[in-house]
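**Q** One-letter residues, chain by chain:
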Amino acid sequence: MTASPAATPSVAARPGASPLIEVENLTKLFPVKQGVFARGTQNVHAVQDVSLTVYRGETLGIVGESGCGKSTTARLMVRLLEPTGGNVRFEGEDITHWSHRQLRPLRREMQIIFQDPYSSLNPRKTVGQIIGEPFAIHHTERDVKNRVRDLLSRVGLSPEHYNRYPHEFSGGQRQRIGVARALALQPKLIVCDEPVSALDVSVQAQILNLLKSLQDEFDLTYVFISHDLSVIRQISDRIAVMYVGRVVELADSELLYEHPRHPYTAALLSAVPKPQTDGSGFSRRQRIVLTGDVPSPVSPPAACVFHPRCPRFRPGHCDVETPLLRPFGAGHEAACHYPVERWPMTEEELRGPSRADSQAEAAGAN
Amino acid sequence: MTPLLDVRDLSVRFRTRDGVVQAVSDLSFTLRRGETLGIVGESGSGKSVSSLAIMGLLNPALTDISGEVVFEGTDLLKTKRDQLRHVRGRDISMIFQDPFACLHPMYRVGSQIAEAVLAHAKVSKSKAWDRAVELLGAVGIPNAKVRARDYPHQFSGGMRQRAMIAMSLVHNPDVLIADEPTTALDVTVQAQILELIDRVKKEFDIGVILITHDLGVVAETATHVMVMYAGRAMEYGPAHEIFNAAQHPYTWGLLESMPTVDKRLDVLVPIEGSPPSLLHPPPGCPFHPRCTYRFAPCDIERPPLVPIPGGHPDACHLPAERKREVWEKRVGAELGVVG
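Chains as they are written, first to last, in our numbering: chain A, 0 to 365; chain B, -19 to 319.
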């Protein structure tokens, strides 16, 4: 496989980078019918008031636990779903309520790589047919066969694989087929929805390297979804952390890991199990263990969605007033009344901040 | 102290239509009270199959198992099936990856745990229920008395796994086998369950076998580690040695290819290629086709699992000196462990 050394991460928040996709106050509700006669519907608040901008050439990572709305957000961005509220702009054009017919020409600009390399490839089609299908749909290519062979070699497969079926390939190879299919129409944007979660670690690294080198080669923009904070750090320029349908923190990748501001991000970072080794030998980290489970998005908690599990919860404030995303400098934003002052921190330190500290800090940032 | 569980030369072969699959070959390890043995490997490395073989849960009509699994002086592989039932679930219990698939959707969680109590003890139903409630409380289910009356769908993923752990503890087992217990869970919940397993190990003074593909999970909880590849042990030793002085090229590869939260790397170092088919395992060392350190004997002669001087056992032909040098100069240095 060709793993050309990737350039230093381009900080896409740089001035002059033009936005590819902008979403504002995006909200998506899914009705859940209850009872035999399907009266009295409730709503799953899948995405709530999300505003994000994806700049050309960058990788925006979206990270969060299952059910936090990260996939729904990405699907709204590429208009596979129609939002309940808010709007979506692609290259400056408002596509929020475009019809299927209107969207069709746009589809070739936006592609998706899916999580499960087993169920996302039709088992009855050959690799050549699978990768060639986008050309057939959009009538863009005459010499499909050669293009497909070219794509196969680009993603590190052999052109001789053209006539084989998906079952003849391993998980990592199948994911390469999925990547080739996404690349076929030379899209501007690829949504990578947990593309390496189903793969073994040794193969994960192969696919991540492939995605990085393709980005440089084809000038691609990625929206990269993952629940894995280690994976997302390796590929993202900026990262949005989501919790129960909301973006709770947004920052340049390095800033987020060096100094998370939201207690949820802090807890997530400290919960990642890892071989922790320092000079003195094997050691165990101080871990912030959150109690309880992720709340149901059918009835999300009032005000700050994180307050029932938050170690810094202040009654009468966090459960009354919804915190808005506020700036901490250098494009770093977090939605918390009592942001984390420094990092790393132990659980006790996180639990007992002085209110004056966090306010002084916020004032300093502004 | 005599080991709780002593596994010697365990081999498992599946007879399939395409031929014989050599799923596990010559696996040996011991487990003592208070230890957590982490078995790490990628999919298809034989880690789950070996635990199923220990529990006697493989279909004897389709599998050939050889070797010894000695538990309290008896070889479980030679024990009759109806006698094995007294061991299984009582002395050795097991929890699985997907806690939803393990609970019956139409029975209350409490009664399923009570059923496990009744399987091995002659007590009244109400006593069994009380034991279920007590254990649910012990594994951290809030308001256990009420929640025991819930059905599995009313529990979250983390709570279901807690319920499974409660069920595995009903008869104060000696050995708990946890097969990917946190793979289906979110990281914040995973942290809770790992803490619980560790607490249970100490409180009940048992031995734990933790099977996982995640080196991070092992590093946090295991006292000993066995790295498996293509059905064989590649490296076996105390956890701090594996993470501070790994000896096998495959372990190096795993450690290097793992993305880390601590820093961003320009390029990850993958292990090229993919694991071999167990229908036709390669001759010599099973890892040699992917190994960047291979030399003359690797594709002909299979290296045995033997200790190196001043280290722990591994299965690799590289001279001990060279292993130490590669770890200290390259792999360990890059991971920030040495130097």
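Worth flagging that the hints you see were computed from the coordinates, not collected in a lab.
Remember, it's a predicted structure, so these values are computed and weren't measured experimentally.
Virtual Cβ for every residue (Gly too), placed ideally from N, Cα, C.
A hint or two may mislead.
As the list claims (entries may be wrong) - In silico lysine-lysine, DSS-like type, Cα no more than 30 Å apart, as pairs:
no., chain 1, residue 1, chain 2, residue 2
1, B, Lys125, B, Lys107
2, B, Lys105, B, Lys60
3, A, Lys273, B, Lys309
4, A, Lys273, B, Lys182
5, B, Lys102, A, Lys273
6, B, Lys182, B, Lys125
7, B, Lys181, A, Lys273
8, B, Lys243, B, Lys182
9, B, Lys105, B, Lys125
10, B, Lys182, A, Lys187
11, B, Lys60, B, Lys181
12, B, Lys243, B, Lys58
13, B, Lys125, B, Lys102
14, B, Lys181, B, Lys125
15, B, Lys60, B, Lys125
Claimed, not checked - Here are the computed distance ranges between Cβ atoms for each label pair:
no., chain 1, residue 1, chain 2, residue 2, range
16, A, Pro122, B, Ala81, 18 to 26 Å
17, B, Ala300, A, Gly330, 45 to 53 Å
18, A, Gly351, B, Glu175, 15 to 23 Å
**Q** With reference to the structure, classify each hint as holding or not holding.
**A** The hints, checked one at a time:
With a CA separation close to 13 Å, the supplied pair B/Lys125 and B/Lys107 stays within the 30 Å bound. Distance check on the hinted pair: B/Lys105 and B/Lys60 sit about 29 Å apart at the alpha-carbon level, within 30 Å; holds. The hinted pair formed by A/Lys273 and B/Lys309 meets the criterion: a straight-line CA distance of about 22 Å does not exceed 30 Å. Between A/Lys273 and B/Lys182 the CA atoms are separated by roughly 22 Å; this keeps the pair inside 30 Å, and the hint holds.
For the given pair, B/Lys102 sits about 44 Å from A/Lys273 by alpha-carbon distance, which is inconsistent with the 30 Å threshold. At roughly 25 Å between alpha-carbon atoms, B/Lys182 and B/Lys125 fall within 30 Å of each other, so this suggested pair holds. A distance of roughly 21 Å separates the Cα atoms of B/Lys181 and A/Lys273; the hinted pair therefore holds under the 30 Å criterion. As the CA atoms of B/Lys243 and B/Lys182 are separated by approximately 34 Å, the hinted pair breaks the 30 Å bound.
Only pairs whose Cα atoms come within 30 Å are accepted, and B/Lys105 paired with B/Lys125 is accepted, the gap being roughly 15 Å. Taken as a hint, the B/Lys182 and A/Lys187 pair is broken in the structure, with Cα atoms around 54 Å apart against an allowance of 30 Å. Taken as a hint, the B/Lys60 and B/Lys181 pair is honoured in the structure, with Cα atoms around 29 Å apart against an allowance of 30 Å. Restraint check for B/Lys243 and B/Lys58: the C-alpha separation of about 51 Å exceeds 30 Å, so the hint is violated.
Distance restraint check for B/Lys125 and B/Lys102: the Cα-Cα separation of roughly 22 Å lies within the 30 Å cut-off, and the hinted pair is therefore satisfied. The suggested pairing of B/Lys181 with B/Lys125 holds, with an alpha-carbon distance near 24 Å, which does not exceed 30 Å. Under the criterion of a C-alpha separation no larger than 30 Å, the hint pairing B/Lys60 with B/Lys125 is inconsistent with the structure, at around 38 Å. A C-beta distance of roughly 24 Å is found between A/Pro122 and B/Ala81, which places it inside the suggested range of 18 to 26 Å.
In this structure the hint that B/Ala300 and A/Gly330 lie 45 to 53 Å apart at CB holds, the actual value being about 51 Å. As the Cβ distance of A/Gly351 to B/Glu175 is approximately 22 Å, the hint placing it in 15 to 23 Å holds.
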